[in-house]
Amino acid sequence: NAGVTQTPKFQVLKTGQSMTLQCAQDMNHEYMSWYRQDPGMGLRLIHYSVGAGITDQGEVPNGYNVSRSTTEDFPLRLLSAAPSQTSVYFCASSPPRGQGYTFGSGTRLTVV
Amino acid sequence: AQSVTQPDIHITVSEGASLELRCNYSYGATPYLFWYVQSPGQGLQLLLKYFSGDTLVQGIKGFEAEFKRSQSSFNLRKPSVHWSDAAEYFCAVGSGGYNKLIFGAGTRLAVHP
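Chains as they are written, first to last, in this note's numbering: chain A, 415 to 526; chain B, 8 to 120.
Since the hints were made in silico from the structure, they are not lab data. If you're wondering where the values come from, they're calculated on a predicted model, not measured in any experiment. Keep in mind that a hint or two might mislead.
Facing chain B, a subset of chain A residues (Cβ under 8 Å, in silico) [what the hints assert, rightly or not]:
id : residue
1  : Phe424
2  : Gly454
3  : Leu457
4  : Ile468
5  : Gly472
6  : Tyr478
7  : Thr484
8  : Leu523
BS3-like cross-link-like pairs, simulated, lysine-lysine; straight-line CA separation at most 30 Å [to be verified]:
id : chain 1 : residue 1 : chain 2 : residue 2
9  : A       : Lys423    : B       : Lys75
10 : B       : Lys68     : B       : Lys107
11 : B       : Lys75     : B       : Lys56
12 : B       : Lys107    : B       : Lys75
13 : A       : Lys423    : B       : Lys56
14 : B       : Lys56     : B       : Lys107
15 : A       : Lys423    : B       : Lys68
16 : B       : Lys56     : B       : Lys68
C-beta atoms are modelled at their ideal positions from N, C-alpha and C, and glycine is treated no differently.
Using the sequences and the hints, build the whole thing.
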């Protein structure tokens, strides 16, 4: 049981490049979310999903896209990377009204 | 709008001393409340949660938290801190029927031997 798996762990992008951060969970959780963590700001919600085919925006969605075609996968796409998107990104999953979110180990992204 | 405030950015305690980390929330309905811990370079681990019922909740690693509706608080406590407790601690409130978590800015705990 791997839990929540995020890839890659580290990534450096040039401004304007696009990329996809991968997130997969093997716990059959309905809820999945993407957060970014910046110093002194805690974690801020980017996008979330309450099931396959259902996504919605969080606090800071601009510049990011998501889709949820399967229960297991919830990729986060950066459309045109900007230095302001330098951050640590966390994916998390949870059963509905369940035992709390389980977090992945994060992706550290640097945009130069 | 929902929000979470952790008033203490950094706290330093001596090993063996007691610990209390403060958390205040703003939420219109009965909140779902959580405490998470993050060790350096790691993801977040759930310490404990409050959904309803007994306002004193027990978690892992000897932590507990008390929900006080009148004070809009959910403070985390531990009677005796170990050096391995040094980490960053985040309080969060579940919003929108629990499917979204709103986090505080975190409290970084240092433990002196």
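Hint by hint, here is what the structure shows:
A least Cβ separation of about 11 Å between A:Phe424 and chain B goes past the 8 Å threshold, and the interface hint is therefore violated. Nearest Cβ of chain B to the Cβ of A:Gly454: about 6 Å, under the 8 Å cut. The hint holds. The criterion of a C-beta within 8 Å of any C-beta in chain B is met by A:Leu457, whose closest approach is roughly 4 Å, and the hint holds. Evaluation of the A:Ile468 hint against chain B yields a violated restraint, the C-beta minimum of about 10 Å exceeding 8 Å.
The closest approach between the C-beta of A:Gly472 and any C-beta of chain B is roughly 7 Å, which is under the 8 Å cut-off, so the hint is satisfied. Taken as an interface hint, A:Tyr478 does not check out: its beta carbon lies about 15 Å from the nearest beta carbon of chain B, beyond 8 Å. For A:Thr484, the interface hint is violated, since its Cβ never comes within 8 Å of a Cβ in chain B; the closest pair sits about 18 Å apart. Below 8 Å, beta-carbon pairs count as interface contacts, and A:Leu523 has none with chain B, the closest being about 15 Å; its hint is therefore violated.
The hinted pair formed by A:Lys423 and B:Lys75 fails the criterion: a straight-line CA distance of about 39 Å is larger than 30 Å. For the proposed pair B:Lys68 and B:Lys107, the alpha carbon gap of about 25 Å is at most 30 Å, so the pair holds. In summary, the hint linking B:Lys75 to B:Lys56 is supported, as the alpha carbons are separated by about 14 Å, within the 30 Å threshold. For the hint linking B:Lys107 to B:Lys75, the alpha-carbon distance of about 22 Å falls within 30 Å, and the restraint holds.
Using a Cα cut-off of 30 Å, the hinted pair A:Lys423 and B:Lys56 holds, with the two alpha carbons roughly 28 Å apart. For the suggested pair B:Lys56 and B:Lys107, the alpha carbons sit about 14 Å apart, so the restraint of at most 30 Å is met. Proximity of A:Lys423 to B:Lys68 is assessed by CA-CA distance (about 27 Å); at most 30 Å being required, the pair is judged to hold. Taking the CA atoms of B:Lys56 and B:Lys68, the gap is near 14 Å; set against the 30 Å cutoff, the hint holds.
The earlier numbered hints that this structure contradicts are 1, 4, 6, 7, 8, 9.
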